[in-house]
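Based on the hints, put chain B in the right spot on chain A.
Chains as they are written, first to last, in our numbering: chain A, 1 to 511; chain B, 1 to 511.
In short, the hints are calculated from the structure, not lab data.
Some clues are possibly wrong.
Identical chains blur together in the list; that is why a pair holds if it fits in one copy or across any two.
[Stated by the list, open to error] Under the rule of at most 27 Å between Cα atoms (straight-line distance), these lysine-lysine pairs were calculated in the DSSO-like manner: (1) Lys16 - Lys105; (2) Lys442 - Lys176; (3) Lys470 - Lys15; (4) Lys179 - Lys386; (5) Lys236 - Lys125; (6) Lys129 - Lys105; (7) Lys78 - Lys9; (8) Lys105 - Lys23; (9) Lys129 - Lys236; (10) Lys125 - Lys179; (11) Lys16 - Lys190; (12) Lys203 - Lys228; (13) Lys442 - Lys386; (14) Lys228 - Lys323; (15) Lys125 - Lys388; (16) Lys23 - Lys125; (17) Lys15 - Lys203; (18) Lys179 - Lys236; (19) Lys236 - Lys105; (20) Lys228 - Lys16; (21) Lys388 - Lys23; (22) Lys236 - Lys388.
2 protein chains.
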Amino acid sequence: MRMEITLAKSLDRLKKIDAELQKLAHISALLSWDQETFMPDEAVGERAEQLALLEGIMHDRFTSSEAGELLGSLGVGKDTPTGSDDFNDNERAFLREFYRRYRRKTQLPRRLVTEMARQTAIARKEWAKARAESNFSIFAPHLDKILALTLEVAECLGYEDSPYDPLLDEYEPWMKTSKLEEIFRNFQEKLMELISRIVNSEKRIDTHFLMQEYDTNVQRDFSLHVLKTIGYDFSKGRLDVSAHPFTTTLGCSDVRLTTRYNRNYFNTGIFGTIHEGGHALYELGISAELQDTLLADGTSMGIHESQSRMWENIIGRSLPFWKHFFPGLKSRFPEALGDVDLVSFYRAINAVQPSLIRVEADEVTYNLHILLRFNLEKRLISGDLKVKDMPEAWNEECRSLLGIVPPNDADGVLQDIHWSMGSIGYFPTYSLGNLYSAQFFKALEQDLPDIDGSIEIGDFQEILKWLRQKIHSPGRVYPAGELCERVTGESLNPDYFMDYLENKYSDIYGI
Amino acid sequence: MRMEITLAKSLDRLKKIDAELQKLAHISALLSWDQETFMPDEAVGERAEQLALLEGIMHDRFTSSEAGELLGSLGVGKDTPTGSDDFNDNERAFLREFYRRYRRKTQLPRRLVTEMARQTAIARKEWAKARAESNFSIFAPHLDKILALTLEVAECLGYEDSPYDPLLDEYEPWMKTSKLEEIFRNFQEKLMELISRIVNSEKRIDTHFLMQEYDTNVQRDFSLHVLKTIGYDFSKGRLDVSAHPFTTTLGCSDVRLTTRYNRNYFNTGIFGTIHEGGHALYELGISAELQDTLLADGTSMGIHESQSRMWENIIGRSLPFWKHFFPGLKSRFPEALGDVDLVSFYRAINAVQPSLIRVEADEVTYNLHILLRFNLEKRLISGDLKVKDMPEAWNEECRSLLGIVPPNDADGVLQDIHWSMGSIGYFPTYSLGNLYSAQFFKALEQDLPDIDGSIEIGDFQEILKWLRQKIHSPGRVYPAGELCERVTGESLNPDYFMDYLENKYSDIYGI
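The following block holds chain A by itself, in its conformation from the complex:
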């Protein structure tokens, strides 16, 4: 009896520490959101200091001796990451996740964290310069430093098989590199075979009308309309503009997204909006009882990306979706789309073409961009590839996977910001998102057989209800792998995504 009271008290106290950490994280998210949307230019230096101060406060609270003692008194440790058996599912998940973060924080020496923050701040600027001048040698020495620090991080965190494991684990908890390689190996082969058939088909898809004049205010109005229709609640969020679209959570009733509009290319704005809308619906769908705990979060980047990509591609680039939205779109842009019929529009927004830039790639070839980066990252981490040799290695991989070679490093090895931020291990989660999205959607279709009919009439309630119940509401309670099995009855299987692509593109390309 006495023991139970102590346990309950310790758990409550740990939850209180966590609740404060969540609030501080939300405050920090507001600072970042403001920085990307409305902050005046000159404030950038002060804002960095404000963010660093919050980071320091959070770090101190997380790694405080009190948190460690509470975990100890709750019986949580390396071999018992969820503590006593007396706890219920949510409590065990809470302890598992708290301990996971606690370990990651306490295992990294402050010197290493500070040095990484310093070097990535410098590297981001140098990367931007290198890309602007298309000169990899400007960025190389900084990437060298980041790589060395990243390897140190991997050693501090520890691993059994590969030093890439603890890096991947930051974004895709509990996933292993070897498992990922196994998933991707088969996938890559099938994907390249499909792309080859598409590229060699005789069908040429007209996309010129997507590159007409699209007034950005009207695009915004249309974006708001689509978000409202799919179920995004504007009393709990906003849509704004930023250089790079993102979604951020400032509280369980405040999940905001951004997009960007291209006046001369329709796809950028709307699919950016729907993609981020998918992220936002996930966060807004998390159960209220998890509010203000670290379980009120996406369970992995891959699962998060499955939600954004399901809405963007599987739903948002489907024929039923545009059966509903195309008339409204056409009336908003009569000059650009007046002569375009629904099927031509549907084909145009799904045109497949190997290209150089990841963020502009179609949903099929996109995955090759990810495999390219995953391959290079692993070789960098294993020591098999030196930073100075990356441009050459990039171009080789690009030729072998996509059949094209960038004319310069700006459109090649320098195109993404991620490595300058020290985010090695992040890229694979984008493709995991695609794979999970198709597997989840297959399960959804089995539960809701007439879903196309609902989409055609603009009714997304059933979809959203299903997603909330199955995927959103548990937040971080189930790790990605367990969630996948609970929702679909099996572990991650890339065949679902391949089947989805085969069905969709055999029709579009007549292959």
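Chain B only, in chain A's frame:
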């Protein structure tokens, strides 16, 4: 030698604590700014908790034993509020202000602070309800509680003469009630005499064209134009819309203001903008060497208000100002102003008329609204007036000062939010601002004899340079009274404001 090193170290450490407190205050300001401008509705509860968390962190850091020990080691105490004589002016001011806040924080028991926060949160809602229903009895029990807590605050903080002193001191540091009464006594008499002459003059001023249709987007465009012209730097700030205009400091390079536009009344938007612009120019003009210290702030609410009111009224409602801006305004609103000439416009925006609502009052009668509130507040604090008798007392004072009586409590005793927030002692600073503004402007005119000529051609550089050098740059280094003597050579003297009004309105009303 050893002593000096210890002193320097202690001072550095105290400055570091202060710098963190300033950053936390700026973070808190962002949360509040966002709440008033862009935050989605449903987030209000979570935002309150985030603000409370930051408040708690700041309170703990301020009142930590470390801060107390450092103050002690620096020789700072009740009788030596600026510590050792070895410190320079800025250091002494820093210690004086830190100690001042430290004392105010540590003298109030946590229970009292928490209870005040709780009661004012409730009272704000009940006040809104009472005002909507024009029923003072809804608000009365809550104001009773706030008054009791306020009296407790006054006792905890201590005073020599009047319990109103420590309340006033929160907003107007070092000012005493008796001194304020002395200033206001003479002022009230002269002001009422002037108003009587204006009201009894035969001149009737046409203001109907100010109440035409003024498109709010065009108003916004004009507001941006005026702010840029008077020297507000948009790389360090923004102009947005909120229900009640305000200015807030998120950093020394991030001072944002808001206004509100009334589609059918021109004055609201533009004078709100210029008023807040005056506040913002003050904060942006504070010397960079004070950055991230508590000296980087307006030295009192009265001085702050002197800057907003100088720009709004003395400059922004002057004939030279509109000689420059009226042509651009007319071209923006040809329908409303096409037939209006400059002098008619100038007279209209300066029309004087005793009225019921403070925030809509002209610059002359405005001060009677303040005197009314100051009189009632003093009587409340002295115990001479009971809360339940306030409506009657309000109406009596209103009749005696303004010659009119509100038809209901919504337009009378319930019109302002301040008391529901526990802000007793705040109102007098509005009139202090008017008095200071005229005294400062007189000194400015002596240094810059052709200032009207500069304003007429839209050149505000000299004014801003003068204000920065004399008033803005020292921030909080000099208390209001000392600043006034440094800038004008004498202590606060209401005659300057009366002279300004006499000159301006004898011309406008031919009296």
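**Message:** Reference check for the pair Lys470 and Lys15, CA-CA at most 27 Å: within, between, both, or neither?
**Reply:** within (25 Å within a copy, 52 Å between copies)
**Item:** Copy assignment of Lys236 with Lys125, given that the CA separation must stay at most 27 Å
**Value:** Between copies, since 22 Å is at most 27 Å while 34 Å is not.
**Item:** Up to 27 Å CA-CA - Lys190 versus Lys16, copy category
**Value:** neither (49 Å within a copy, 60 Å between copies)
**Request:** Pop the pair Lys388 and Lys23 into one bin, within, between, both or neither, using alpha-carbon distances up to 27 Å.
**Result:** neither (42 Å within a copy, 41 Å between copies)
**Item:** Intra- versus inter-subunit Cα pairing at 27 Å for Lys16 with Lys105
**Value:** both (18 Å within a copy, 25 Å between copies)
**Request:** Measure nothing new, just compare the shortest in-copy and cross-copy C-alpha distances for Lys179 and Lys236 to 27 Å and report within, between, both or neither.
**Result:** neither (38 Å within a copy, 50 Å between copies)
**Prompt:** From the Cα coordinates, with 27 Å as the cut-off, is the pair Lys442 and Lys386 best called within, between, both, or neither?
**Reply:** Neither, since 42 Å and 71 Å both go past 27 Å.
**Same-copy or cross-copy closeness of Lys105 to Lys23 [CA-CA at most 27 Å]** = Classified as both; 18 Å inside a copy, 24 Å across copies.
**Asked** Taking 27 Å as the upper bound on the Cα-Cα distance, should Lys15 and Lys203 be classified as within, between, both, or neither?
**Response** Answer is neither: 58 Å inside a copy and 70 Å across each miss the 27 Å cutoff.
**Asked** When no copy is named, should Lys203 and Lys228 be tagged within, between, both, or neither for a Cα gap of at most 27 Å?
**Response** neither (36 Å within a copy, 56 Å between copies)
**Request:** Give the relationship of Lys236 and Lys105 under a CA distance limit of 27 Å: within one copy only, between copies only, both, or neither.
**Result:** neither (31 Å within a copy, 36 Å between copies)
**Message:** At most 27 Å between alpha carbons: which applies to Lys23 and Lys125, within, between, both or neither?
**Reply:** The answer is between: 25 Å across copies meets 27 Å, while 30 Å in one copy does not.
Consistency with the previously given hints fails for numbers 6, 10, 11, 12, 13, 17, 18, 19, 20, 21, 22, ordered from lowest to highest.
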